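> Starting from the given sequences, assemble the full structure and let the hints guide the process.
What follows is each chain in one-letter form.
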Amino acid sequence: MIRIVTLDRVDPTDLAFLTRTLYQAFGLGTEHSGERPIPAGAERKDGRLDAIGLLREVAPLRTFADDKVLYIVGAPLALPAGPLGEPPCWGFAEYNKDRATITTHNLPPRGVTETSIENHRRRLAREAIHAIGHLWDLHHCYDARCAMHPSWSTSLAPNPEMDLCAFCREKSERKIRLAKT
Amino acid sequence: MRGPPARHPDDNARELLPAPEGIISDADQLVPGDRVVYPNQGVCEVVGVEEKDIAGQKLQLVRMRREEDGAAVLVPRNKLTSIGLRRVAAGAQMEGVFHYLAAQFDDPELDWKVRHRDNADRLIAGGVLGVAEVVKGLHSLSRLRPLPAKEREQYDNARHLLVHEVAVSLNVPPGLAEDYIDFALMPPAGAKFDLKPPPKPVLLPSRPKKKRPTTEDEGDLGLGDLGLGDLGIDLEGAIEGGEGAAAAEGGETAEAGAEPAEGGAKEGEGAEAEAAPVRPRAEARAKPEPRAEKRPAKKPAAKPARKEKAPARTAPAKKEKPARAEKKPARKGKKR
Chain Z
532 MIRIVTLDRV DPTDLAFLTR TLYQAFGLGT EHSGERPIPA GAERKDGRLD
582 AIGLLREVAP LRTFADDKVL YIVGAPLALP AGPLGEPPCW GFAEYNKDRA
632 TITTHNLPPR GVTETSIENH RRRLAREAIH AIGHLWDLHH CYDARCAMHP
682 SWSTSLAPNP EMDLCAFCRE KSERKIRLAK T
Chain G
19 MRGPPARHPD DNARELLPAP EGIISDADQL VPGDRVVYPN QGVCEVVGVE
69 EKDIAGQKLQ LVRMRREEDG AAVLVPRNKL TSIGLRRVAA GAQMEGVFHY
119 LAAQFDDPEL DWKVRHRDNA DRLIAGGVLG VAEVVKGLHS LSRLRPLPAK
169 EREQYDNARH LLVHEVAVSL NVPPGLAEDY IDFALMPPAG AKFDLKPPPK
219 PVLLPSRPKK KRPTTEDEGD LGLGDLGLGD LGIDLEGAIE GGEGAAAAEG
269 GETAEAGAEP AEGGAKEGEG AEAEAAPVRP RAEARAKPEP RAEKRPAKKP
319 AAKPARKEKA PARTAPAKKE KPARAEKKPA RKGKKR
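Going down the list, the protein sequences come from chains Z and G.
Going by our numbering, the residue at position 180 of the first sequence is 711; the numbering climbs one at a time, nothing skipped.
Going by our numbering, the residue at position 188 of the second sequence is 206; the numbering climbs one at a time, nothing skipped.
FYI, nobody ran anything at the bench for these hints, they're computed from the structure.
Please note: incorrect hints may appear among the correct ones.
To be verified - Covered stretches of chain G (chain Z as the covering partner; in silico rule of three or more C-beta atoms under 8 Å from a C-beta of chain Z): (1) 166 to 179; (2) 184 to 191; (3) 197 to 204; (4) 207 to 214.
As the structure is a prediction and not an experimental result, all values here were calculated from the model.
Beta carbons: idealized from backbone N, C-alpha and C, even for Gly.
Listed below in C-alpha cells is the structure:
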C-alpha cells in the first residue's frame with residue numbers, strides 16, 4: 532500500500548490524479564492518508580527544509596508491513612553537501628525502506644490553463660514514482676525517458692514521461708512480488 | 019580522459035600488480051565489528067570466528083553479516099585472503115572515486131565480450147575504484163547506445179555496490195550516496211567542479227591466452243599440398259622474405275639499443291643480416307609481374323566461357339542478342 536501524506540496544501544484533483552498514477556505504475560493500492568504539520572526541527576537557517584531531518588522527525592503514521600509513505604511538501608528541500616558539493620534536491624527516499632519525501636517547489640507552476648495544470652500533475656506524478664521507486668530498491672536509471680532518471684539531469688525532456696523503463700518496471704515488480712505481504 | 023587501460027601486458031605479472039587499497043592479507047587483522055567489503059556482495063560486518071565440523075573436517079569459519087539484508091556469510095579462515103576481502107574505502111580514496119566519476123570519459127570499450135569480461139574482473143578485484151570504473155564505463159557507453167540486458171544488469175549491480183560502499187564510507191543514507199554519485203556522473207546545468215587529477219585506473223591481471231601455432235608448426239601446415247606452387251607463387255621465398263623482414267626489424271631494434279662504441283661491428287652484422295633477406299624481398303616485389311600476367315590471363319579465360327555459354331542458353335531464334343552478352347562482362351569488369 533502506498534500512503535500519501537501532505538505537509539502543505541495540494542489540490543484534491545492533483546491528489547486524485549497522483550493516486551491513480553501510482554496505482555498504475557506499481558499495481559499497489561494508493562490512498563491519501565491526511566495531512567501532517569511540518570516538523571520544526573527540519574527547518575534550516577536558509578529557509579529550506581532538511582530532507583533527511585524531515586523524514587526523521589515528521590509525525591508518525593500508522594502503517595503495516597511493506598507500506599510506503601510519501602510526504603509531499605511545498606517548501607524547497609536541501610541535502611547535506613557531498614565531496615563535490617550539494618546536489619540539487621527534488622526529493623529524498625530512504626532507500627529500500629518505507630519513507631520518502633518530494634517537494635512541489637521545483638515543479639513547473641500549476642497555473643490556470645489546462646496545459647499548465649496537466650504539465651504540473653504529470654511532473655508531480657513523475658517525482659512521486661521516482662521516490663516510491665527508490666523505496667522499492669530501484670536505483671537511478673541512465674534512460675532519460677524513465678521516471679528513475681535523475682530529476683536534475685540535463686538530458687531530461689522539459690515535460691518528461693512518468694513511466695518506468697522496462698528494466699526498472701520488471702525489477703520493481705519482482706521486488707513487490709517478493710515482499711512479505 | 020581515456021577509458022580504463024587494457025589488461026596488464028605481462029602474463030606473469032599477476033603477483034606484481036598492486037593489490038587494491040585496504041585488502042585484507044591476514045585473517046588475524048579482522049576483529050568482530052569490523053566492516054569489510056566482500057567483492058560482488060557488498061559491505062559486511064564481521065561477527066566472529068567459529069569452528070564447524072563439515073564432512074568430518076573441523077573448519078575455522080569467519081562469520082560475517084551482510085549489512086544490506088542481514089544475510090550470513092561464512093568464509094573459511096584460510097581462504098579469506100584469496101577472495102579479495104578488503105576494508106571499506108577511506109575518505110581520501112573515496113574522494114578520488116568522485117573525481118574519477120566527474121571526469122570526462124570518451125573512450126568506452128566497444129567490444130562487448132572484452133568489456134563484459136573486464137568489468138566482471140574489475141568488480142571482483144578492482145576495489146572501489148574498479149567498481150566506479152564499471153559504473154562510469156557503462157554509463158558513458160549508455161549515452162552512445164542502450165546497454166544489452168546482461169550489461170544493464172551488470173551496471174545495476176555495480177551501481178548498487180558503489181552506492182552502498184559510498185554510503186558506509188561517508189556515513190550517509192544510501193539514497194543520499196546515490197545522489198552524490200549521480201551529481202558527479204550527470205552534473206546539472208551550470209555545475210562546475212574543481213576536479214583533481216583522477217587516480218590511476220585499475221590494472222587487471224592478464225588472462226591465459228590461447229596457444230598460437232609456432233612458426234615450426236606453421237611450416238608443417240601442409241601449404242605445399244595446397245597446390246599453390248602450380249600458381250607460380252614461390253612459397254619458400256615468401257616465407258623467407260617474411261622472416262627476413264622480421265630479422266631486419268630485429269636488427270633495427272638491436273641497432274637502436276646498441277651503444278655507439280659497439281655500433282660499428284653490430285651495424286655491420288645487422289647490415290649483413292638485412293642484406294641476406296632483402297634479396298627474396300626484392301624478388302618478391304619483382305614477382306608481381308607474373309601475377310599481373312596471370313590475372314588478365316584468367317579473365318579472358320573466364321569471359322569467353324560465359325560468352326560461349328550465353329548463346330547456348332538463348333534460343334537460336336534470338337541471335338541478335340550477342341550485344342547483350344557483350345555488355346554483361348563489361349559490367350562485371352567495372353565492378354571488379
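> Look at each hint and say if it fits the structure.
Now for the hints, and whether the structure bears them out:
For the stretch 166 to 179 of chain G, the assignment as covered by chain Z holds, since 6 residues bring a beta-carbon within under 8 Å of that chain's beta-carbons and 3 suffice. For the stretch 184 to 191 of chain G, the stated coverage by chain Z holds: 3 residues have a C-beta nearer than 8 Å to a C-beta of that chain, and at least 3 were required. Only when three residues or more bring their CB closer than 8 Å to a CB of chain Z does the claim for the stretch 197 to 204 of chain G stand; here the count is 6, and the claim holds. Restraint check on the stretch 207 to 214 of chain G versus chain Z: 3 residues with Cβ-Cβ distances below 8 Å, three needed, restraint holds.
In summary, the structure agrees with every hint in the numbered list given earlier.
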